[in-house]
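Participant: Listed below, chain by chain, are the residues.
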Amino acid sequence: MVGDGDVVMSDGADRHKHLCKVLYRKSPFADEDCFQPGEETRKYLQEECKVLVIGAGGLGCEILKDLALSGFRDIHVIDMDTIDITNLNRQFLFRSRDVGRPKADVAADFINRRCGHMGVNVTPHNCKIQDYAEDFYSQFNVIIAGLDNITARRWINSLLHTMVEFDEDENPDGSTIKPLLDGGTEGLKGQSRVIIPYMTSCFDCSLDSFPPQVNYPMCTIAETPRLPEHCIEYVLVVEWDKHFPNRKLNTDSPQDMKWIFDQAKERADTFGIRGVTYSLTMGVVKRIIPAVASTNALIAASLVNEALKISTYCGPVLNTYMMYMGNEGVYIHTFEYEKKDDCLVCSGTIRNLSMPAATSLQGLIDSLCADPSLKLQRPSITSDKAVVFMSSPLLRKDHEYKLPMTLRQLVDEGVLGENEVLIVTDPIIPSKLKIRIALT
Amino acid sequence: MATDDKYDRQLRMWGPHGQKALAEASVCCVGSNAIATETLKNLVLPGVAHLTIVDEAVVESADLGQNFFVEMQDVGHSRAKAALKHLLELNPDVKGEAVQQSVTSLLEKDEGFFQQFTLIIAAQTPQRDAVALCELCHRYNKAFIHLRGVGFIGTIRLFAREHAVIETKNESDFGDLRLTEPFKELKSYAMSVDVSSSSMDEVKHAHVPYVVILLKALEQFRNNYNGRLPSTAEEKETFKQFILAMRRSDKEVNFDEALKHMFKAFKAYTIDSSVKAILDDAKSISGHEPNNTAFWIVAKAVAQFESACGRLPLSGTLPDMTADTDSFIKLQSIYRQRAEGDVAAVRASVSSFLSGTDGDSGAGTAVMGVINGMRDINETHHHHPTKIDDEYIQRFCKHAHSIALFRYRTLAEETKPDTAMKDNIRESYDEFTADETSSEVPWYLALAAWEVFREEKGYVAGAKTDHDHSDDTLAGDVEALKGCARRVCTALDLPADAVPDKYLQELVRYGGCELHTTASFLGGVASQEAVKLITKQWIPLQNTLIWNGLHSRGAVLEL
Ligand SMILES: [Zn+2]
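First to last, the sequence lines map onto chains Y and Z.
Under UniProt numbering, the residue at position 427 of the first sequence is numbered 427, and the numbers go up by one with no gaps.
Under UniProt numbering, the residue at position 61 of the second sequence is numbered 61, and the numbers go up by one with no gaps.
It is worth saying that the hints were derived from the structure and are not from the lab.
The reader is advised that the hints may include incorrect statements.
Each computed DSSO-like pair below joins lysine-lysine, with the alpha-carbon atoms no more than 27 Å apart [as the list claims (entries may be wrong)]: (1) Y:Lys17 - Z:Lys482; (2) Z:Lys276 - Z:Lys387; (3) Y:Lys189 - Z:Lys502; (4) Y:Lys286 - Z:Lys20; (5) Y:Lys26 - Z:Lys502; (6) Z:Lys85 - Y:Lys17; (7) Z:Lys169 - Z:Lys20; (8) Y:Lys286 - Z:Lys169; (9) Z:Lys236 - Z:Lys184; (10) Z:Lys20 - Y:Lys189; (11) Y:Lys258 - Z:Lys20; (12) Z:Lys398 - Y:Lys17; (13) Y:Lys26 - Z:Lys464; (14) Y:Lys43 - Y:Lys17; (15) Z:Lys20 - Z:Lys95; (16) Z:Lys398 - Y:Lys265; (17) Z:Lys81 - Y:Lys17; (18) Z:Lys330 - Y:Lys265; (19) Y:Lys339 - Y:Lys432; (20) Y:Lys189 - Z:Lys169; (21) Z:Lys251 - Z:Lys236; (22) Z:Lys330 - Z:Lys260; (23) Y:Lys340 - Y:Lys432; (24) Y:Lys242 - Y:Lys258; (25) Z:Lys20 - Z:Lys387; (26) Z:Lys330 - Z:Lys204; (27) Y:Lys43 - Z:Lys464; (28) Y:Lys286 - Y:Lys265; (29) Y:Lys189 - Y:Lys258.
My request is simple: use the sequences and hints to build the entire structure.
Facilitator: Take a look at the structure:
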């Protein structure tokens, strides 16, 4: 009678014998005002607490397992990817027969099969996080992100901040604050952090600490290539479009990848450059980050460990960042990541920019995209008076004529006021950025 | 999919030779609890060859709540067998065996059993058995990892009698450019580049590799200063002016790079003292030494090379730098060819050692035995390799300047601490008294007391009952544990009250409970270390990690 409610209830305590020790007993380290050892706390964890896991990859599979074995029952997972063979060395809920199936479905099925008898129920969502809005995310008590890209992490971080409601005294309403536990790994290194919207630093506060993506200068790859990577990059950005003007490269297609490799090899040979291999070609084209099971396991464990403490108060919560480095002995560094005073997402402040009056609107947009602490992609700008620029494909046409105009001209035309607060939005994040431009 | 290799993402880290080492490794795990299965999961996934799980336990209902690799149907059956079955499902490449016996009885009846493994992991093994296992690992020259976790706290302890690493993957690598001691081909190439000639066009001039610029500036400096290297601030400034004099405009990035790397021209060629010590060790090792691994044979050849040439084999890699294709390729091939020459010299020495023609090893009569360069020949097989994989020799030479050797204290030695170990603990304790968040040593001491408690009382502190959680019931254990802690601290020459009460209260609170997240964290760290030990890549933990999951802090303590 697996999954029968009565069986679960009568047998539950026995299965959670280990967990109940920390939930039922006092701790000199836990916050006395918050932690209530006993039945109530266990019930909250098992019957009320709802967790969302973003990503069912290397971290996600581990997080789901860790949640199911830490007393959480109502678990949701969201991932748009399907399973690839190269996932199998670490994404342990998947088998070779699952290749091609949606990650969220397969992961949820596996956990439900193995842990359903404890009342665990994982609900899969095969879609992008951006497909859902506030009403979806507001149902959760904790959100855990095991993502491999900055864009998605920025988006969810920003959304959770926009969801916080403030009363008339500017105090946040606690029930609208959703803690975000964010993890990442690369090789033998990883980090986990706790983000409590507006209370701690947020993901965007650390945006400029991420190294910019490696981009080889065009003149190097075209004229003075030295490395095998230069040859591969050249084929990727120049030759592919030349040979297949109407076809997008499919990085999952062995034929396409073989073509890139062959061309890169040929180019390397003419220059006398060694080291172009198929594996390197894939690494460069797909920007592959090396990954192993062990690092994902320890970072995921740390995230769920924090989820358990943050949900039950049975221990202090990580403040706010833990870095794990296994590449030279073992080094763990735990510290409070400082809030950034002018963070686009969590500071609420107006960013003051000063720009020559002769700067074009295009120039302003370019500088917003280039700013490493903003990293915008397609900003739209509105002023009190008018729409300055819209980046959406439908509306862009109506505003393109303004791109070459200087800021001075735009002021003169009444599109924007000097020193006026402008609102910048970008599909990359739900937050609104306020900027004030002083013309010089 | 563009590849059918499921190991692609990890091959990018440890290469085919690392994968081969894993695919030949046989791992034994004592214990089938959550810490054990979480560690083994991360070794089955990347593809170790063989797994042996030793445990007499049967699956209980409580296991279901925190051990992912047992199922409802397994309750009442051997936990080792159940765990093995579920673990092997993860990767068809891995084979395994479950031994339903207690480690205590195995140690008594058949200690030779443990000889067959590459690595032995002890998960939640009580101190007494862990010490005995570690002694066996010392005798058989096996790597050993001891794991322990209770509540939010855990420790990971590594042991290896001798662990040699050639690929330490030090990211702050200084590079092996030989700027201050250029070999003939390098020097003549640099001198042939006429940077000051007006016939060199603008583009070419802005693409002269910085290595050439530094070599030319240094040559000029040495001509003016009796062949010395720049040492005073004034001399360094003069050197800088030599570089700037060659520069045509401040838009030349290659000259920026030359200025940035200028310091490399100030440092005379040296061999790191730890590398020197290994080479000195290698010289005294003859073909009859029991620990005669590929590492020592090649190290001996490299030591011979170093005695003759005064330097190590050239690493032969040129970092990327601004340059035109021709100059870069030319320079790259100069370094590479020289490195190949050095490898050839080392290879010749290795061959003469192996064939016994070097006059002192007498290994010509060695019995058959081929090693691939990654596996130690342990003392029970007194044979001598007849062949060493050439790629191994090449890798050794390439990384000769950063090889490393580690020798660990046994757990038995840890129980009878010497002055050095006491000093390490003392130092960490002093850090703790200065700032509570800067050291985790109280947890180490508290756990040592916790082990004493278990040994003396026959049960784990706080675990007398699973149902009564009141303070009154637990108070007795807290008092007893305080007594144990006082003895532990006194024996280490620390104040008797070095462990604050709250640490001991917290351990009693846990009542021996095993939290899944702690198990999974420890398993993650342990499997990372296991991979390092098996592949002999990266520097392993030395030698104990204390994990404090309450505050998500970890600290390394050398015991
Ligand atoms: Zn922020």
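Participant: For the pair we were handed, lysine 81 (chain Z) and lysine 17 (chain Y), check the Cα-Cα distance against 27 Å.
Facilitator: OK: lysine 81 (chain Z) and lysine 17 (chain Y) at ~23 Å, within 27 Å.
Participant: For the pair supplied as a hint, lysine 330 (chain Z) and lysine 204 (chain Z), confirm whether the alpha-carbon distance does not exceed 27 Å.
Facilitator: 14 Å, holds
Participant: CA of lysine 189 (chain Y) to CA of lysine 258 (chain Y), is that 27 Å or under?
Facilitator: 31 Å, violated
Participant: Hinted pair, alpha-carbon criterion (27 Å max): lysine 43 (chain Y), lysine 17 (chain Y). Please report holds or violated.
Facilitator: Status holds; Cα separation ~14 Å.
Participant: If you draw a straight line from the CA of lysine 26 (chain Y) to the CA of lysine 502 (chain Z), is it 27 Å or shorter?
Facilitator: 11 Å, holds
Participant: Do the alpha carbons of lysine 286 (chain Y) and lysine 265 (chain Y) lie within 27 Å of each other, as the hint requires?
Facilitator: 17 Å, holds
Participant: For the pair we were handed, lysine 339 (chain Y) and lysine 432 (chain Y), check the Cα-Cα distance against 27 Å.
Facilitator: 18 Å, holds
Participant: Holds or violated: lysine 251 (chain Z) and lysine 236 (chain Z), Cα atoms, limit 27 Å.
Facilitator: Holds: lysine 251 (chain Z) and lysine 236 (chain Z) sit about 23 Å apart, inside 27 Å.
Participant: Within 27 Å, alpha carbon to alpha carbon, are lysine 286 (chain Y) and lysine 20 (chain Z)?
Facilitator: Measuring from Cα to Cα gives roughly 25 Å; hence the hint holds.
Participant: With a cut-off of 27 Å on the C-alpha distance, tell me whether lysine 189 (chain Y) and lysine 169 (chain Z) pass.
Facilitator: 13 Å, holds
Participant: Please work out if lysine 169 (chain Z) and lysine 20 (chain Z) have their alpha carbons no farther apart than 27 Å.
Facilitator: 19 Å, holds
Participant: Check whether the Cα positions of lysine 398 (chain Z) and lysine 265 (chain Y) lie no farther apart than 27 Å.
Facilitator: Satisfied, since the Cα-Cα distance of roughly 25 Å is no more than 27 Å.
When the structure is compared with the earlier hints, violations turn up for hints 3, 12, 29 and for no others.
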